[in-house]
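Hey, can you work out the whole structure from these sequences and the hints?
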Amino acid sequence: MSNSRIQTEILLGALFIVISSIVLLYMGFREETKLAESAVVQQAQAIEVGAGLFAANCARCHGQNGEGLIGPPLNDAYFFTDRIKDVGWGGTLEDYIISTVSSGRPVSTRPDQWPGEGIGYAMPAWSQEYGGPLRPDEIRAIAQFILNWEATALEQESITVLEEPVPVSEDPTARGLAVFNAQGCAACHAIQGISSGQVGPDLTQIGTLAATRVDGMSAEDYIRESILNPDAFIAPECPNGECPAGVMPPNFGDKLSPEELDDLVAFLLAQE
Amino acid sequence: MQNGLLEDVRNFMALSREEKRAKVMEAIDNRVRIITAGLSIKELRALLRGAPPTERPNPRYKVHVTSFIAHIRPKFYYKASTIFTHTFRLGYLSTFFFLVEIITGLILMIYYVPSPAEAYGSILTIESNVMFGELMRDLHRLGAELMVAFVWLHMFRTYFTGSYKGERSFTWMTGVFLLLITVFLSFSGYLLPWDQLAYWAVTIGTSMADKAPVFGPESNLLLRGAPDIGAGGLLRFYLLHVVLLPLAGILVLSIHYYKVAREHGISLPAVYEEGVLPPEKVKEGKKRIDLIPDLLTHEIFLASLVTGLLLLYILFFYPGAPLGDHANPLKTPLDTKAPWYFLWIQGMLKLGDPTWMGVIWPTIFVIVLIAIPYIDRNPSRLAKNRPIAITWGLFWVIFLLVTSYMGTPQFGIETPPAVRIVQDLAPEEGIGMLRSIPFDDLVPGTYFVNEADKEAMPKRLAEFFAEYERRVNLAEEQGKMLNATGMLYITEWQKDLKKVVMRMEWTDPETAQQKSFEHEFYLHRDRPREE
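Keeping their order, the protein sequence lines are chains A and B.
Going by this note's numbering, the residue at position 177 of the first sequence is 177; the numbering climbs one at a time, nothing skipped.
Going by this note's numbering, the residue at position 492 of the second sequence is 492; the numbering climbs one at a time, nothing skipped.
Mixed in with the good hints there might be a few duds.
In the SDA-like style, the derived pairs of lysine to any residue whose C-alpha atoms are separated by at most 25 Å in a straight line are [unchecked claim]:
hint : chain 1 : residue 1 : chain 2 : residue 2
1    : B       : 515       : A       : 259
2    : B       : 286       : A       : 7
3    : B       : 75        : A       : 8
4    : B       : 79        : A       : 13
5    : B       : 495       : A       : 80
6    : A       : 34        : B       : 526
7    : B       : 331       : A       : 181
8    : A       : 255       : A       : 224
9    : A       : 255       : A       : 235
10   : B       : 459       : B       : 495
11   : B       : 337       : B       : 318
12   : B       : 337       : B       : 306
13   : B       : 337       : B       : 184
14   : B       : 495       : A       : 235
15   : B       : 287       : A       : 7
16   : B       : 495       : A       : 45
17   : B       : 495       : A       : 64
18   : B       : 515       : A       : 150
19   : B       : 337       : B       : 360
20   : B       : 480       : B       : 501
21   : B       : 495       : A       : 100
22   : B       : 495       : A       : 150
Calculated directly from the structure, the hints in this document are not laboratory data.
Below, the structure is given as structure tokens:
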């Protein structure tokens with residue numbers, strides 16, 4: 001090799017060492033900010049994952065927007081200000097959420113208001129450590145999602161949730177299914193393959209059973225009455241033993257439009 | 001003794017100034033000689049200037065005898081073997097990246113936890129809570145891909161220059177083992193992040209092992225530690241990746257390099273050896289290029305060049321080492337694909353029975369690869385004397401490219417049209433068009449395909465919606481979805497969180513049934529919007 005080749009290589013080599021050092025120095029200066037940004041992004045992604053898991057697992061008892069159905073609300077001021085004090089929890093709200101979701105609630109702490117599923121437990125244990133379906137990181141994601149309600153709960157921000165348009169289906173049974181899900185019926189009633197509520201009677205075969213419940217009443221009339229006037233007739237059997245009176249909301253007549261009611265009845269009649 | 005020392009000091013102080021200086025310089029020079037195994041200060045300066053040795057015998061060779069590390073290096077290369085277009089420095093680059101991987105790997109090992117419960121979280125910690133964590137991870141990922149690439153290219157170069165022939169056949173075999181070690185190092189490392197990409201790629205890979213004849217299920221169990229990949233599998237892959245394969249790699253590399261550098265030398269281009277070039281050129285090509293200083297300077301130069309380019313690339317162009325969603329054994333992602341160096345196997349698997357395509361044929365390929373020096377009896381290394389070998393090599397290159405293309409998810413796998421549309425616009429792994437729309441451009445509302453007013457939408461939302469419309473209309477035109485309608489629903493859901501639903505309804509062309517498909521997405525203001 002020639003004299004000049006070595007010198008060129010030494011020069012270029014030194015140049016690239018300088019370039020590498022500058023790049024590393026620059027990265028070093030930026031590193032703190034970058035780490036903080038990464039943490040924010042990871043938090044955002046945890047909330048997104050938590051949102052999906054909440055909708056799939058928690059919404060049927062706590063409501064789509066955390067407003068509470070048979071389980072207590074998680075999006076109100078009480079939850080964020082007084083709840084852990086009232087319960088006597090010594091740690092953070094985040095730990096409270098993770099603990100409750102992981103190990104469940106064998107007995108409701110407010111049984112008159114929030115009976116929960118009532119099948120031996122009020123709230124199931126969700127963590128895989130206790131036999132549930134969720135991983136610890138999934139439970140932490142759900143906690144981040146729930147904690148994100150703080151701003152709206154304490155009215156620091158306001159958001160508007162638009163009503164999701166129901167699919168315009170030609171088939172009344174399909175539309176009825178959408179009503180069944182949207183109105184929270186799934187929280188209390190089980191239909192095989194659709195829902196697993198354990199509070200009210202199982203509706204998997206209500207289409208055929210409805211005609212046998214009250215003498216002289218057709219299946220369709222029975223179902224219609226059960227929705228509009230729940231306490232008129234208490235079904236004989238519920239997953240937990242006797243069917244509780246005064247639990248099913250009596251105001252579906254106001255909440256549902258006539259078309260929605262027809263669709264819901266058609267759907268339930270089809271469950272045979 | 002004391003007297004002797006005192007006397008020496010007195011004698012020293014009695015000398016003249018020049019004599020004192022000479023003595024001190026001599027002492028320093030001796031130190032330098034000891035440190036550099038025989039090179040004086042004068043010699044060092046001659047080295048850096050590129051001048052010939054200042055002493056006889058040539059002191060630059062001594063270090064090869066006295067130093068362990070230098071003993072495996074050759075004293076010199078022949079000039080012709082250093083021609084850039086002969087080797088492209090591919091062997092050097094492969095080794096360089098192996099070193100990059102070892103160093104970055106040792107650093108990452110401090111933070112990584114090889115258990116399914118903690119692996120993913122430890123990667124998140126590396127990226128958000130460890131200084132230069134992301135850089136280490138990016139270097140490790142990029143280094144791995146480059147190492148695999150350079151090892152493959154090095155093998156092809158060696159094949160096409162016929163450098164496996166004659167006495168080099170054993171070296172070639174060690175090279176094939178190094179190729180296998182490299183590929184399995186990369187594959188075992190692939191599982192470690194424990195995300196969907198990793199988990200399912202390795203499930204497919206080990207399922208191929210399951211299909212091996214005779215010992216298939218046992219080898220699958222051995223790799224996984226259990227019928228499904230779980231804690232046992234992750235630990236075994238981790239130990240393979242950080243202990244067994246690196247040790248095997250270092251051992252075989254040492255054998256390989258010793259044979260290349262000390263026993264046979266890097267091959268010369270065939271034209272120098274087979275009477276093609278005139279004798280003066282051959283003599284020129286056989287000139288010696290010493291390790292010290294020429295080759296060493298060149299190697300250090302290459303190292304700093306590649307390091308600089310690597311860092312610049314990571315800073316400006318590299319999107320980052322990927323990390324998908326947490327591994328979910330219950331949910332197979334739609335477009336699972338193998339790492340790019342295994343796409344050819346995935347392509348082959350689409351051709352037929354997994355035992356043949358996934359196990360037997362690849363094994364035959366490896367055996368043939370090892371046996372090439374014994375199958376090819378042609379003593380000539382010149383390309384024009386080896387038409388069969390060259391054609392065979394080119395066939396292999398094309399075969400690998402074609403099967404790799406076939407291994408990509410879009411090839412040969414039918415997905416229902418609505419599912420495909422959603423997956424293309426908002427892929428399960430990755431970002432895609434929907435998720436890259438700026439948060440404030442996601443204006444709440446319900447938008448129907450072919451009805452909504454795109455002019456009223458912010459630009460990025462309008463672009464997305466136009467693409468959505470185009471895909472739905474295309475499916476209609478192609479007769480895959482009849483009377484197709486599409487809807488996009490966007491609402492605020494929480495502070496800085498919006499819910500988006502894409503729903504399509506259509507009549508199935510074959511069964512005339514009404515069908516619908518919908519998917520909901522939750523998008524946060526601070527989520528990443530660029531790859």
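Note to self: What's the verdict on residue 79 of chain B and residue 13 of chain A, does the C-alpha distance respect the 25 Å limit or exceed it?
What the structure shows: holds (21 Å)
Note to self: Between the alpha carbons of residue 337 of chain B and residue 318 of chain B, is the straight-line distance 25 Å or under?
What the structure shows: It holds: about 21 Å lies between the C-alpha atoms, which stays within 25 Å.
Check: Holds or violated: are the alpha carbons of residue 75 of chain B and residue 8 of chain A at most 25 Å from each other?
Finding: Status holds; Cα separation ~22 Å.
Next item on the list: Take the C-alpha atoms of residue 459 of chain B and residue 495 of chain B, compute the straight-line distance between them, and say whether it is at most 25 Å.
Entry: holds (23 Å)
Margin query: Hint check: residue 337 of chain B vs residue 184 of chain B, CA-CA at most 25 Å. Holds or violated?
Written below: holds (17 Å)
Notebook entry, point to check: Given the proposed pairing of residue 337 of chain B with residue 360 of chain B, does the C-alpha separation stay at or below 25 Å?
Noted result: holds (21 Å)
Margin query: Can you confirm whether the C-alpha distance between residue 286 of chain B and residue 7 of chain A stays at or below 25 Å?
Written below: Holds. Residue 286 of chain B to residue 7 of chain A sits at ~23 Å (cutoff 25 Å).
Notebook entry, point to check: Given the proposed pairing of residue 34 of chain A with residue 526 of chain B, does the C-alpha separation stay at or below 25 Å?
Noted result: holds (14 Å)
Note to self: Next pair to validate is residue 331 of chain B with residue 181 of chain A; report whether the Cα-Cα distance is within 25 Å.
What the structure shows: holds (24 Å)
Item checked: Hinted pair residue 515 of chain B and residue 150 of chain A, Cα distance within 25 Å -> violated (39 Å)
Checklist line | 25 Å limit on alpha-carbon distance, applied to hinted pair residue 287 of chain B and residue 7 of chain A | finding: Measuring from Cα to Cα gives roughly 20 Å; hence the hint holds.
Checklist line | 25 Å limit on alpha-carbon distance, applied to hinted pair residue 480 of chain B and residue 501 of chain B | finding: holds (22 Å)
In this structure, the hints that do not hold are numbers 12, 14, 18, in rising order.
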